[in-house]
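Enquirer: The residues making up each chain are set out below.
There are 4 protein chains.
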Amino acid sequence: MANSRFEYVKLFEQPDVLLPNTWIVVRIDGRGFHKLSDRYAFAKPNDRRALDLMNAAAVEVMKELPDLCIAYGVSDEYSFVFHPSCQLFERRDAKLVTTIVSTFTAHYIHQWGTYFPDTPLQPPYLPSFDGRAVIYPTTRNLRDYMSWRQVDCHINNLYNTTFWTMVLQGGMSNTDAEQELKGTISSVKNEILFKRFGINYNNELDIYKKGSVLYRQYQLEEVKPKQSSTDPYAEEEAAPGQETTSRSQQDKIRKLRRKAQVVVDHIDIIKDEFWERRPWILSNKPGKLPAEA
Amino acid sequence: MANSRFEYVKLFEQPDVLLPNTWIVVRIDGRGFHKLSDRYAFAKPNDRRALDLMNAAAVEVMKELPDLCIAYGVSDEYSFVFHPSCQLFERRDAKLVTTIVSTFTAHYIHQWGTYFPDTPLQPPYLPSFDGRAVIYPTTRNLRDYMSWRQVDCHINNLYNTTFWTMVLQGGMSNTDAEQELKGTISSVKNEILFKRFGINYNNELDIYKKGSVLYRQYQLEEVKPKQSSTDPYAEEEAAPGQETTSRSQQDKIRKLRRKAQVVVDHIDIIKDEFWERRPWILSNKPGKLPAEA
Amino acid sequence: MANSRFEYVKLFEQPDVLLPNTWIVVRIDGRGFHKLSDRYAFAKPNDRRALDLMNAAAVEVMKELPDLCIAYGVSDEYSFVFHPSCQLFERRDAKLVTTIVSTFTAHYIHQWGTYFPDTPLQPPYLPSFDGRAVIYPTTRNLRDYMSWRQVDCHINNLYNTTFWTMVLQGGMSNTDAEQELKGTISSVKNEILFKRFGINYNNELDIYKKGSVLYRQYQLEEVKPKQSSTDPYAEEEAAPGQETTSRSQQDKIRKLRRKAQVVVDHIDIIKDEFWERRPWILSNKPGKLPAEA
Amino acid sequence: MANSRFEYVKLFEQPDVLLPNTWIVVRIDGRGFHKLSDRYAFAKPNDRRALDLMNAAAVEVMKELPDLCIAYGVSDEYSFVFHPSCQLFERRDAKLVTTIVSTFTAHYIHQWGTYFPDTPLQPPYLPSFDGRAVIYPTTRNLRDYMSWRQVDCHINNLYNTTFWTMVLQGGMSNTDAEQELKGTISSVKNEILFKRFGINYNNELDIYKKGSVLYRQYQLEEVKPKQSSTDPYAEEEAAPGQETTSRSQQDKIRKLRRKAQVVVDHIDIIKDEFWERRPWILSNKPGKLPAEA
Chain H
66 MANSRFEYVK LFEQPDVLLP NTWIVVRIDG RGFHKLSDRY AFAKPNDRRA
116 LDLMNAAAVE VMKELPDLCI AYGVSDEYSF VFHPSCQLFE RRDAKLVTTI
166 VSTFTAHYIH QWGTYFPDTP LQPPYLPSFD GRAVIYPTTR NLRDYMSWRQ
216 VDCHINNLYN TTFWTMVLQG GMSNTDAEQE LKGTISSVKN EILFKRFGIN
266 YNNELDIYKK GSVLYRQYQL EEVKPKQSST DPYAEEEAAP GQETTSRSQQ
316 DKIRKLRRKA QVVVDHIDII KDEFWERRPW ILSNKPGKLP AEA
Chain G
66 MANSRFEYVK LFEQPDVLLP NTWIVVRIDG RGFHKLSDRY AFAKPNDRRA
116 LDLMNAAAVE VMKELPDLCI AYGVSDEYSF VFHPSCQLFE RRDAKLVTTI
166 VSTFTAHYIH QWGTYFPDTP LQPPYLPSFD GRAVIYPTTR NLRDYMSWRQ
216 VDCHINNLYN TTFWTMVLQG GMSNTDAEQE LKGTISSVKN EILFKRFGIN
266 YNNELDIYKK GSVLYRQYQL EEVKPKQSST DPYAEEEAAP GQETTSRSQQ
316 DKIRKLRRKA QVVVDHIDII KDEFWERRPW ILSNKPGKLP AEA
Chain R
66 MANSRFEYVK LFEQPDVLLP NTWIVVRIDG RGFHKLSDRY AFAKPNDRRA
116 LDLMNAAAVE VMKELPDLCI AYGVSDEYSF VFHPSCQLFE RRDAKLVTTI
166 VSTFTAHYIH QWGTYFPDTP LQPPYLPSFD GRAVIYPTTR NLRDYMSWRQ
216 VDCHINNLYN TTFWTMVLQG GMSNTDAEQE LKGTISSVKN EILFKRFGIN
266 YNNELDIYKK GSVLYRQYQL EEVKPKQSST DPYAEEEAAP GQETTSRSQQ
316 DKIRKLRRKA QVVVDHIDII KDEFWERRPW ILSNKPGKLP AEA
Chain B
66 MANSRFEYVK LFEQPDVLLP NTWIVVRIDG RGFHKLSDRY AFAKPNDRRA
116 LDLMNAAAVE VMKELPDLCI AYGVSDEYSF VFHPSCQLFE RRDAKLVTTI
166 VSTFTAHYIH QWGTYFPDTP LQPPYLPSFD GRAVIYPTTR NLRDYMSWRQ
216 VDCHINNLYN TTFWTMVLQG GMSNTDAEQE LKGTISSVKN EILFKRFGIN
266 YNNELDIYKK GSVLYRQYQL EEVKPKQSST DPYAEEEAAP GQETTSRSQQ
316 DKIRKLRRKA QVVVDHIDII KDEFWERRPW ILSNKPGKLP AEA
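Protein chains in written order, with the working numbering: chain H, 66 to 358; chain G, 66 to 358; chain R, 66 to 358; chain B, 66 to 358.
Since the hints were derived computationally from the structure, they do not count as laboratory data. Remember, it's a predicted structure, so these values are computed and weren't measured experimentally. Careful, some of the hints might be misleading.
[What the hints assert, rightly or not] Partial chain H-side listing against chain G, Cβ under 7 Å, derived:
1. F71
2. V74
3. L76
4. E78
5. R114
6. V124
7. E125
8. T163
9. T168
10. Q187
11. G196
12. R197
13. Y201
14. W213
[Claimed, not checked] With a Cα cut of at most 20 Å, we get these calculated SDA-like pairs of lysine to any residue:
15. K75(B) x C218(R)
16. K75(G) x W213(H)
17. K160(R) x F98(B)
18. K75(H) x R205(G)
19. K160(H) x K336(R)
20. K160(H) x Q79(G)
21. K75(R) x V216(B)
22. K320(H) x P131(H)
23. K75(B) x S212(R)
24. K75(R) x E155(H)
25. K128(G) x K160(H)
26. K75(H) x R156(R)
27. K160(B) x V82(R)
28. K274(G) x K128(G)
29. K128(B) x Q187(R)
30. K100(G) x N221(G)
31. K75(R) x I335(B)
32. K75(R) x V82(H)
33. K75(R) x S212(B)
34. K75(G) x C218(H)
[Claimed, not checked] In silico negatives: residues of chain R with every beta carbon more than 10 Å from chain B:
35. D117
36. N120
37. Q152
38. A242
39. N255
40. Y266
Every residue gets a Cβ at the ideal spot worked out from N, C-alpha and C, and that includes glycine.
Modelling step: build the complete structure from the supplied sequences, incorporating the hints.
Expert: If you want it as C-alpha cells, here you go:
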C-alpha cells in the first residue's frame, strides 16, 4: 500500500557519509560518571572492577565489528578506530557511532553483575554513554590522536593517584590537596608520593598508568633495525580511497579477523615499537595467527 | 600539565549543531531484530512482551530527558521529538542521538528479565539499536513525519496480521502466503482475515494497529469548534529561534515537566484532534497537572 | 572511453543539499572594499554611483534567476532570497552561492564603465565578492533576517553620515570625530547633524537610509484592516517541503516571473505593510501584472 | 548601537571549515558554455582565444592567492589546489570557493575584449562560473584527481577533434558523425583522423591535448634516479595538520611566493616526473628562484 502523502518527509534526512580514505575514530564517554561513581561507590583513584567492565564491553564491540583495528580505553572513555579503507555501513557517521555506543552499553549493563556482584544497578540511575566520530587524514594524525589519549591518561592518573593518596592516606581535605597540587609539574607529584607515602609511582599498575589497548593478536614481527620513517604511510599507496577489494575478498578478510583473539594490553602506544611489531593494525592486512592460538 | 604536542588533533573535531528553530526527531531502530526475534522466539505477528519492553525503555528516556515533547514507537523502532526551542547539549547532533540510543539500550537490557522472565539474554547476542537525527522546519512537517510512521505501522501490521494468520492458522507456507498477498490493497487483506478466519481486523488491539504514543499528561483541553487551521503555527511567532527564556526559567519548566506523568497511549495522531486536545505537545508550554493525578 | 582508474576521486565530493522547506538567503560581500573604495575614490559617506552599480548588478541576478523572491542591498553587500519551495539546482549550496556570486561579479565588472565613466578599472585590482548561504526555517526568521540587515543599514548610515559630516564639513580629524561619536546613541548623532550643520537626517535620501529592496512588481494589494497575524504562514500549509507542483507548472510560473518587472525600491521592510501589500513575495505565487506595465 | 532584537538570526549561520590537513581542490565550471560558445561563435573543436582567456584569468587568481600551489584548466573548467597546511580564511569552504569564483569571473569579463576584440559581450548574456570545493586526504588522492582531469581532457579532445573534423572537413552531419563515433576506442578515432583527413593527432597542439597547468616557477630539480616511491608523503610528517609555522613566517613565505612567476604549461602531470622536478608544488616550500628571473 502506498504511503505517499507523508513519505516526502524522508527527503529531510541528510547524508552523513564520512570522507573516504580517512581514519575514523569513535570516542565514547560515560555520561555523568562522576556522580555515578559516587552512587555505586567506585574505589578512588581507580576502580579495577569498573575498568575491567569497560574493557569487557569494549572486547565485545571489537568482536562484533571485525572492521575495527584497535581500541583504547581510559577511565570512562573508549576510542574505537576504523581503517581508512573501511566501508562498513557505507561509512555513515550516525550509523557507525550509534552502533558502537549501543553495543557497548548493552554489554556494559549486561555484565555489570559479573563485575559488581554486590552492587546491583539502581534504576533509573543506569550507566550510559555518549559518543562521536572524528576523522583523521593521515596515519601520523591517527597516531597522534592515540598518543594524545595516552598522555592524558598518564597526566590524569598521576594527578588522581597523588590527590587521593593525600586525602585517603594523608588525611588531607579535598580542598587542601587540590590547593597544594595546583599547577605542579610531574616531578613534584612523584616526590609527594615517594617522600610522604613511600609510593614509587612507577610501581603502580600499568592498567592505571597506560590505559588499555585492544587489538587482534597475530604473531609479533621482529622490528627491522633500519625501518624507514615513511613506512607507516606505505598502505596509503595501496588503498587510495576506493574499494579495491571485492566484496567476497572483504568477507574473507572479515572472517580471518573474527578468528584472531582480541587482547587487552597495557602498553606504550606513543613510541614506534608498538606499531612496528604489530603492522597489521595500520595496514589492515591480517597477520599470521599465533602457532599455539 | 600540558599535553600540547598532540593536542592539535582536537582541531579535527567538526561542529555538528543542528539548525536552530527546527523540530529534532531522533529515530532509533533495532539492529538485526529479524534474526533476534527468531533467537528469542518472539511471537508472530506481534510479541506483546517485546512491545511492552520497548515502551518501558522509551518511558525511561522520556523521564531522563524532560526536553522531549513526544515519542512514537512501532515494532523495533522509536522516534523521539525535541521542540524547535530545545537547547539541550547546544543541539549537538551526535550528543543528542547517542544519549538517547544509549539510555534506551541500557533500560532495554536492564528490564529484559522483567518482560522475558523465561528467556534470558544469550551473550554475545544482545539487542542493540542504531539511530539518527532528522530536523523538520515546520509543525506541518513534524506532524507529517508522525503520520508517516503511524501509517507505516498500519500498513505493516495489516500485512503481518494477515500473513501470519494465513501461515499459522491457515497452514499455508510462507512463500504461498507472500505470493497471495503481493500487491493486494487493504480491503483484500481485511476480507481474507474476515472470510477465511472470521477475524475482524478492527477488533485487533490498538497497540498493534496504532503503535505507542508517549507524552506528558496534563489536563486535556476542550476542542474549540472553530479552531483555525493555522493555529498550530502560533508558537512559531513566540519562539523564533533564539533563547527567549532565561536559564532559570528553563530549569523551572524542566522541573514542571518532570512532575508530569509520562503516559503510553495507542491512539490516532494523524487527525487534528490528538494535537488540539494536548496543545502542550506542540507549544512546549506545560499544561495543568490533572487534579487527581 | 573509460577513465576508470582515477575516477574514484569523484567519491570524495560530498553532498551539500540545503534542508528542504527552508528559506535560503545568499549574502554576498565586497572583498576588501574599504581599500577598493579608496583606490577608486568613492565619495563619502555614500557613493551614489557605487550603489547604483550594485543595484544594477543585483537586478541582473534577479532577472537571470526567476526563482529569487526578493533581494536587499546595502553598502557593498547584497542578500538574495529563495523561497522554501525552491528546487533550483536541487538546492545544492555551492551551486546556488557560486552562481549568484559569479553572475553578480560579471555584471558589476561589465557595467563598471557605465557608472564610473571617468574611473577605469585598474587590474589586477578588480572588485570581487565572496558569499555564503544561510537557511531559515520560518517566515518569521526570514523577516527578522531582512529587518536585521535594514536596521544595520540605518545604524551604519547614521554613524557614517555624522562622522563624514564632522570630518568633511566640520574639519575634524578622523580620530577626533571617532572619539566623539564613540558609544553615542542615535539622538546624539541626529543632534550633532542638526545643531552643528543644519542637517535634518530625515531628509537624507532613502537609498542611503533604507538600502535597496528588489522584487518583481505586480499590482499592490489593499491591506485588509483585520489581517490575521498568522497569515504569513499560510503558504507553509500548501507547500510543506515536497515538490507539489509539476515540472511544467514550475516552468510556467518561471515564465510568468520573467515577465514581471524587477523594481528597485528604498522602503521600510521591517513593518508588516511592505509584505502585506506584496503578498507574492512570501507566497511565491505570481500576482497580477500592473495594467499599464 | 545595539541591533539585538534581530541579531539572533546570525545563530543560523553554520560553520563550514574544511577538515584540516587535507588537500583542497576548488573546481569551477563555465555556466551554460555550450550555448555561450554558440552565441560568441567559439571555434570548434577548440577556440584558442577562449582558452587563452581562461588561462589569463586563472593566472590572476594564482597571483591574488599565493596560497594556491597549482591549477589545472581544460575547456571551460579550472581546478585550483590549496596545500593541506593552508589556513587561508580559516579554511572556510564558502569563502574559499566564492573568492576564487568571483576573482576568476572578474578577470574573465575584464579581459574579454583583449581576447575577443571583435566580439563584444552582449548583456545580459555574460559568461559566469559555478564552483565547489572537494577535499582529498592524501597526496596520492590529489595526484589521482589531477590525473583524472588530464585523462578527461585527452578523452574529450580526441573525440571533439575527430567529431568536428568529420563535420567541418568531411561534410558529415552532426548526427552521422556522432553515430559513427559512438562507443569507439581511441585507436579508431586516431585512424579516422589519419586515414580520412591525413591528420596525425599527436601533432595537435599540447594546449588542446594536455590542458593547461599553472604553477609558480622555481629552478627545476634533477630527478634522483632512485627516488623512493614514498617520498611524496614526506611533507605530511612535517605538517601533520596543526599550524606549525608562525604567522610572521607564513607572511614571509607568502611574499616569497608572490615573487615567483606563475607559468602556464601544457605538459603531462600524470607521470611522476612533473612532480619530482617541481618538488615545491607538493611540499609547499618555495624553491630557488631561477637565476635570470
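Enquirer: Does each hint hold? Answer for all of them.
Expert: Here is how each hint holds up against the structure:
{"no.": "1", "hint": "F71", "in the structure": "holds, 4 Å"}
{"no.": "2", "hint": "V74", "in the structure": "holds, 4 Å"}
{"no.": "3", "hint": "L76", "in the structure": "violated, 10 Å"}
{"no.": "4", "hint": "E78", "in the structure": "holds, 5 Å"}
{"no.": "5", "hint": "R114", "in the structure": "violated, 18 Å"}
{"no.": "6", "hint": "V124", "in the structure": "violated, 10 Å"}
{"no.": "7", "hint": "E125", "in the structure": "holds, 6 Å"}
{"no.": "8", "hint": "T163", "in the structure": "holds, 4 Å"}
{"no.": "9", "hint": "T168", "in the structure": "holds, 5 Å"}
{"no.": "10", "hint": "Q187", "in the structure": "violated, 10 Å"}
{"no.": "11", "hint": "G196", "in the structure": "holds, 5 Å"}
{"no.": "12", "hint": "R197", "in the structure": "holds, 4 Å"}
{"no.": "13", "hint": "Y201", "in the structure": "holds, 6 Å"}
{"no.": "14", "hint": "W213", "in the structure": "holds, 4 Å"}
{"no.": "15", "hint": "K75(B) x C218(R)", "in the structure": "holds, 16 Å"}
{"no.": "16", "hint": "K75(G) x W213(H)", "in the structure": "holds, 9 Å"}
{"no.": "17", "hint": "K160(R) x F98(B)", "in the structure": "holds, 16 Å"}
{"no.": "18", "hint": "K75(H) x R205(G)", "in the structure": "holds, 14 Å"}
{"no.": "19", "hint": "K160(H) x K336(R)", "in the structure": "violated, 46 Å"}
{"no.": "20", "hint": "K160(H) x Q79(G)", "in the structure": "holds, 17 Å"}
{"no.": "21", "hint": "K75(R) x V216(B)", "in the structure": "holds, 14 Å"}
{"no.": "22", "hint": "K320(H) x P131(H)", "in the structure": "holds, 8 Å"}
{"no.": "23", "hint": "K75(B) x S212(R)", "in the structure": "holds, 12 Å"}
{"no.": "24", "hint": "K75(R) x E155(H)", "in the structure": "holds, 15 Å"}
{"no.": "25", "hint": "K128(G) x K160(H)", "in the structure": "violated, 25 Å"}
{"no.": "26", "hint": "K75(H) x R156(R)", "in the structure": "holds, 16 Å"}
{"no.": "27", "hint": "K160(B) x V82(R)", "in the structure": "holds, 18 Å"}
{"no.": "28", "hint": "K274(G) x K128(G)", "in the structure": "violated, 25 Å"}
{"no.": "29", "hint": "K128(B) x Q187(R)", "in the structure": "holds, 15 Å"}
{"no.": "30", "hint": "K100(G) x N221(G)", "in the structure": "holds, 18 Å"}
{"no.": "31", "hint": "K75(R) x I335(B)", "in the structure": "holds, 17 Å"}
{"no.": "32", "hint": "K75(R) x V82(H)", "in the structure": "holds, 14 Å"}
{"no.": "33", "hint": "K75(R) x S212(B)", "in the structure": "holds, 12 Å"}
{"no.": "34", "hint": "K75(G) x C218(H)", "in the structure": "holds, 16 Å"}
{"no.": "35", "hint": "D117", "in the structure": "holds, 16 Å"}
{"no.": "36", "hint": "N120", "in the structure": "holds, 15 Å"}
{"no.": "37", "hint": "Q152", "in the structure": "holds, 17 Å"}
{"no.": "38", "hint": "A242", "in the structure": "holds, 16 Å"}
{"no.": "39", "hint": "N255", "in the structure": "holds, 12 Å"}
{"no.": "40", "hint": "Y266", "in the structure": "holds, 14 Å"}
In terms of the numbered hints stated before, the structure departs from hints 3, 5, 6, 10, 19, 25, 28, listed from lowest to highest.
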